[in-house]
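Here the protein sequences line up with chains A and B, keeping their order.
Going letter by letter, the first sequence gives residues 4 to 432 in this note's numbering.
Going letter by letter, the second sequence gives residues 6 to 387 in this note's numbering.
Hints should not be assumed to be uniformly reliable.
[To be verified] Sample of chain B residues facing chain A (criterion: CB under 8 Å; computed from the structure):
no., residue
1, 92
2, 94
3, 128
4, 130
5, 131
6, 136
7, 140
8, 143
9, 144
10, 146
11, 209
FYI, nobody ran anything at the bench for these hints, they're computed from the structure.
Quick caveat: nothing in here was measured; it's all calculated off a predicted structure.
Backbone N, C-alpha and C define an ideal beta-carbon position, used for all residues, glycine too.
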Amino acid sequence: MDSAGQPGSIERPARRARIGPTSIVGLVFLLALGALCFGSLFWTLGSGAIPWAVQSSGDPDAHRSTTPRYNAGDPKQARLPPFWVRPGQRTIRRLNGLVPEPQIRAITERFEQKEGEVLRSTSGPVAEAVRRHWPRYPLGTDVLGRDVLIRSLTGGAISLGIGLAAALISVCLGTLYGAIAGSVGGRIDAIMMRIVDVLYGLPYILLVVLLAVAADGLVDRLETARVSRAMAQRDAYAARLAQTWARENGSSPPPEVQQRLDAEAIGRFGSGELSASNRMAIDVIVLLVAIGGVSWLTMARVIRGQVLSLKARPFMEAARAVGVPARRQFVGHLLPNLVGPIVVYATLTVPQAILQESFLSFLGIGVKPPLPSWGNMAAQGLDELNPYESNWWLLLVPCVLLGSTLLALNFVGEALREAMDPKRTGPDR
Amino acid sequence: MKPKSDPCRSARSEAASENTPGSEDGRSRTTRHRILQIDHLTVSFPGPGLRRVRAVNGLSLGIDHGRTHALVGESGCGKSVTAMSVLRLLPVPPARYEGGRILYREGGRELDLLRVGAPDLRAVRGGRIAMIFQEPTTCLNPVYTIGQQIVESIRLHRGLRGSSARRLAEQTLEEVGIRDPARGLDAYPHEFSGGMRQRVMIAMALVCEPSVLLADEPTTALDVTIQAQILDLIASLKASRGIGVLLISHDLGVVAGSADVVSVMYAGRIVERASVQDLFSNPLHPYTRGLLACVPRLDSTQDRLRTVRQITNDPLQFQNIPGLGSDLRAWWPEQNPTGDGNEGGTWVAQQESDVIDVRVGPGHWIAAMPVGSVAASTGSTA
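Chain A on its own, in the form it takes in the complex (with noise of 0.2 Å):
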């Protein structure tokens, strides 16, 4: 072949795309983020003392109660600012009152002061001797006195995970939905996508509700199925101990050593309940199935759309009458070229179910009150601020966290779609 006059050489654009910075800087963010909420979920939610919180009370066990970190306060210590905040007179001597007994003491004995002196003190060499005693807490505590950075990480956890999982669920589901409607045209697909447009139709907030409803019906039903289950059996088998009883001693064991043979069954049964923690996973979990639930419909769509659209190219006609089996066509050929909506719809989703999931949880109706979220915290923060003490930073840090997570997706997300798609490399396009 005469190639005489062809540029046979080929011009290769650098195939990598241009990353910005504030994608690098975004991506850095949610993964130092990320390891910190989801890597101290073991502790925040385990229980035990609060290194930085000083024992105010004479009771030594006041941090050591069985509940979880995240849910921890002494009710005393409400409403502290950040360490690194300047207080104001009455917070002062409000903290100079959180020292514990023997320092304060300490301190009156080394400025011959009374202790009330002692402890109204805001300035001055004495007012510096308590400073170094006050519980430093890094964000601040809350109405109840619980440390909002623990409950920042726990909820982020909660915010984050429920927004992967949400995002997972929608790409699923929405892609499955709208390869099979966009392939299999027709009727089908006509009937499918009214489907979606009835879906889309209702508004989100009822959806959620209702599916809490639902969710919360079911589980009452399966809690008394296994509390009657739990009693059943816990009868069959102290019945079973007193006949024990009654034919090695000769007569019905009294009162005395029934109540002794009920208390075995009972500790070997369980009463059957779901326990708090089992059913805030549920909550939760339902939560995520209703926000991931609504927000495939959009991924449905644009699928649809795609592969209408991918179906009509000639490249798809090309590779039939390359000989290509049906099925190769659309697995080898239609879904790669999919990849690249389906990460840019992913990348929208997450942050969307976030913002939903706070959206959520801040008008009450998302994760509850013990648990914490950025949208339930904020909800909170949000009552603290009024013009006669405000609480700030009750209401800022949620909302920082949630609007810098979400910044950071979208920054992420944007590089992402620049990396997926092959014809964005070449300068020409």
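We have chain A already, so just place chain B on it with the hints.
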């Protein structure tokens, strides 16, 4: 070139089809080398109302070993539908194959491509009959490298894998004139220019050593210098590999340069067929003459270009064609099939009964109809 094997209604044309016009080597040789024979292919699509429009109407043509059969005609005359029908690429609910056969011969075997099962059809597609398309820019899957796409067709039809498949792909790329084929294999389609993509399409078509190449306007999307290169490439591959080529084009310049036999198509039918020299030196059918008159010439001083309709609108043009008797006139659809609100039913019916292929010279055929229907049709078109 061998005539169509239409079972023509007229005794005269039947006698003519016994000959082997256009082929100096004699009949036995041509028939031995015939690879693909399309007989009376009729393909219809849903038309206005409940009627169906026949995009291809009783078309017959043959493709011989090592020769190029060109199919020319204006847009919408059914050229591409013919090519797509060969591989049964038309989506069947809207389209319908109403009749005819497409015989593919290989060794002693003869397959009717309109009736073979899916596995046989897949083996023929790409493996035995390859197709290259109009738009090289969009016919390559943007998410795969050139190499992956060539290797896929090697894997499907030649059972080669891994490095041997890659080596074959590389060789073929080199053969179609891609410099640095090893790097080309790892490039994505968008990194190639239009001409290079068309070369890749040709490489993909050739890699499985097909015996027929269907080239559906392979040069339409390319600029003139690249057009010439691509046509040269197809011509040289045809010579070196003995592939039969069906070249579809609306560009008479392309056809003049690279075809052996030319069929001119209009409204789903072949109106004239001749060897390439014959057709350009002695066009007989008014439509062919019209097409040739439309080709702009550098040495002409005309202000306005002519259109085909200026010729075909004159009913006198269709009478007294040399080689046709006085009882026949050149065939022309009674109604313009591309016109809006046409009564497609009438002209379809009229063609069915009356149109015959008449041999007017060695290897030169035109579609004709009895003068009786001439009066009717001239009356309605004039």
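Hint-by-hint comparison with the structure:
1. 92: 6 Å, holds
2. 94: 6 Å, holds
3. 128: 7 Å, holds
4. 130: This interface hint holds because 4 Å falls under the 8 Å limit.
5. 131: 4 Å, holds
6. 136: 4 Å, holds
7. 140: This interface hint holds because 5 Å falls under the 8 Å limit.
8. 143: 4 Å, holds
9. 144: 4 Å, holds
10. 146: 5 Å, holds
11. 209: This hint holds: residue 209 (chain B) lies near chain A, its Cβ roughly 7 Å from the closest one there, short of 8 Å.
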